[in-house]
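Go ahead and model the full structure; you've got the sequences and the hints to work with.
If you're matching them up, the sequences are chains B and U in order.
691 is the number of the first residue of the first sequence in our numbering; add one for each residue after it.
691 is the number of the first residue of the second sequence in our numbering; add one for each residue after it.
By construction, these hints were calculated from the structure, which means they are not laboratory data.
Treat the hints with care, since some could be wrong.
Note that the list lumps identical chains together, so a pair holds whenever it fits in one copy or between two copies.
As the list claims (entries may be wrong) - Below are the DMTMM-like pairs computed for lysine to aspartate or glutamate, each with C-alpha atoms no more than 20 Å apart in a straight line: (1) Lys963 <-> Asp932; (2) Lys963 <-> Glu862; (3) Lys1038 <-> Asp949; (4) Lys873 <-> Glu890; (5) Lys963 <-> Glu1095; (6) Lys1038 <-> Asp916.
There are 2 protein chains.
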Amino acid sequence: MTAPLRIALAGLGTVGAGVVRLLAENHALVTARAGRPIEVVAVSARNRTKDRGVDLSAFAWEDDMTALATRDDVDVVVELVGGSDGPALTLARTALAGGKQLVTANKAMIAHHGMELAALAEQHGAALKYEAAVAGGIPVIKGLGEGAAANRIDRVFGILNGTCNYILSQMESTGADFGVVLKAAQDLGYAEADPAFDIEGVDAAHKLAILAALAFGTAVDFAALDISGITRIRAADIAQADALGHKIRLVGQAELQADGRLFQRVAPVLVAKSHPLASVDGPTNAVVAEGNHVGRLLFVGRGAGDGPTASAVVADLIDIARGNATPAFGVPVGMLSAAAPADAGHRKARAYMRFVVADRPGVLAEITAAMRDAGVSIESLIQQGRAEEGGPESESVLVAIVSHEGPESAVSAALQLLEGSPSISEPPLVMRLIG
Amino acid sequence: MTAPLRIALAGLGTVGAGVVRLLAENHALVTARAGRPIEVVAVSARNRTKDRGVDLSAFAWEDDMTALATRDDVDVVVELVGGSDGPALTLARTALAGGKQLVTANKAMIAHHGMELAALAEQHGAALKYEAAVAGGIPVIKGLGEGAAANRIDRVFGILNGTCNYILSQMESTGADFGVVLKAAQDLGYAEADPAFDIEGVDAAHKLAILAALAFGTAVDFAALDISGITRIRAADIAQADALGHKIRLVGQAELQADGRLFQRVAPVLVAKSHPLASVDGPTNAVVAEGNHVGRLLFVGRGAGDGPTASAVVADLIDIARGNATPAFGVPVGMLSAAAPADAGHRKARAYMRFVVADRPGVLAEITAAMRDAGVSIESLIQQGRAEEGGPESESVLVAIVSHEGPESAVSAALQLLEGSPSISEPPLVMRLIG
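In structure tokens, the structure reads:
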């Protein structure tokens, strides 16, 4: 077992360079723990001449990344290119079909093609490992797939996107509105130049779809996910939530319901301040899993960045070097069951509904009548004073309603009754309360 | 790989019965995840006729527990008897020496004999697994030994004893004193009839010694541990900590210092309310590890009880069934380094010092002079009114001092200056502040 584990790295961005750096810096201990050296043999990236702050001179270079997967001197291909399809997928398929192990940080690819890749891995006796794809450095794929493997897991939920959590935390602490904080986060490198995947909840949804499959033993079903992002949250919503004893967090929630249906949603929610997720601030991620014997497990750590992500990638490599092999989704792909999507309308929750309304008589009566007619019981209602003065909405005010616990379908029905009302100037924002 | 993994269970107390129950209840999913059935073949316990609420009729019975380790039809021995030596140790040695895998929840045995047993396991090609020995259902052995394996870990600390955490939480919420809460906890079954191992910090120390070895790659060194329990904490200390923005928690802290020395301590500490450990209430456990690439990882879950502990035991069994093998302490035993114990006197911290003093003039001057002479800088000092009226201490008052950050040796020196003072009626209680 002293033959080195020979790896090829595709992608030399922040994470790729982080893996090279970690393997150099922790070489002795990684070798000791892995039982043999883990050696980078070959690399590939778009630009050969770019200075990445790490020494690549000892590694072979491939201009065509797919060529990494067919080299005879490579045991494991590490895919850090990103993108659900395109070159990353071609590389992954080629590597696994050739019986090479694949380690990836690519959540989009696993969410969209994880089943196919896992089947390919099984067929060719190769490992498919993706710890870095979910929640950065937190060993949550291992935690669910191995640590909690004795349990029927009924629910898994958590904060899965560091960018959104950073933005929401900043909005909380500065009182600034979404756009201002996003811009500052971009300037600091905490948000991408094109932040859509993060702020619209797609990145968190990729991760949640993967967690759900692993936790419940169900087929990955990204398409069925209900996704809302954080772009419509205003400083006023944060202030309102605070007054109610809550914080706003973008939370991914998955549940295998008692009826066998699969509920999966990524959305901003109001989290009670006493709930463990409420104290998760900044770019941190947190995952909660509830097992039928272990009870509630919580994993917290840094959800992104070169160090944490490289830590997860190299943990996968050490597993492979040790000969540890767990099926990609905990059980053979053929055993993953296809669960029908849940009908969220039956689910019960308290709801926060925020309306931007014209400042004129009768608006509250119209809204509260709709609630009554749809069977939504109001727990509290707050109408705030005029919005930012001088702004385009200076004639509008915010109305925030919190309902008693009731079916989501009733809230939808109430909003439908209000649809088209000339008093309501933009679509209402609805967030559920948890905790 | 469809041959069943055949196990023998030694010990049928809460945890043993919990394992039988879990394997029955989750049989299909455990089989699917393990890749083959996990079957109990034989059991042993002190009393054959006792009703444990689980059906044992299908299992062979051994009066002599050691006989489990020599049965030809057993692959894995699961030791749930407890005790660092005696029958548990004999069983473990016999099983491993015979090449059988050993799974144990026995923290005392691993803290005292883990090195010997790990060496025996290596020698005979058997696995030694003990996830259930530390932090109940939280997969922290896996989290550190595999999930964070790419990192040099510099510090590991946490709340490792659920009984103590329950007692401290109850003291917080009820304002009652230690003895009252302990009695109530015993009545509810949250504390043992003989609670010494828990409340004196020994149980937490066993777990910390194991975590330190795994995290740092150092030899298990339980003997070097500095251990204080929670028996001397009064309601007044909790109230004082609260006024200072802190909670009191029994925390195990281990650090491989920059000088290569190993610091290991279990003691009650004042944790800032904003610190993640402060919100860990009741019988919950929490472990923080700090890695040089991953940053800070936090694992939280239930630290005891049949369900969580059985979950950890069966996770180990699933690992064995899958063929996953990680060295017991992350690296071969021969590579574990012997680190000299740290000299705590050099460590810097803020300290809380509580004195019970006679209510007469000059006491404060005596205490503060000692602090000055020893170079302890006082940040705050509070003298509380008379203690419980009518009680034996009605002539005594409490003085609580918080120092600025400084070396522990200075605090020790100040206390030494005060030793034997007729004004001070019991040994001062010192707790460090963290967070």
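A quick look at each hint next to the structure:
1. Lys963 <-> Asp932: So Lys963 and Asp932 pass the 20 Å test inside a copy (9 Å) and across (19 Å) alike.
2. Lys963 <-> Glu862: both (13 Å within a copy, 19 Å between copies)
3. Lys1038 <-> Asp949: Within one copy only: 15 Å inside, 56 Å across.
4. Lys873 <-> Glu890: Answer is within; shortest intra-copy Cα gap is 15 Å, inter-copy 53 Å.
5. Lys963 <-> Glu1095: Classified as within: same-chain Cα gap 18 Å, cross-chain 31 Å, threshold 20 Å.
6. Lys1038 <-> Asp916: Within one copy only: 16 Å inside, 51 Å across.
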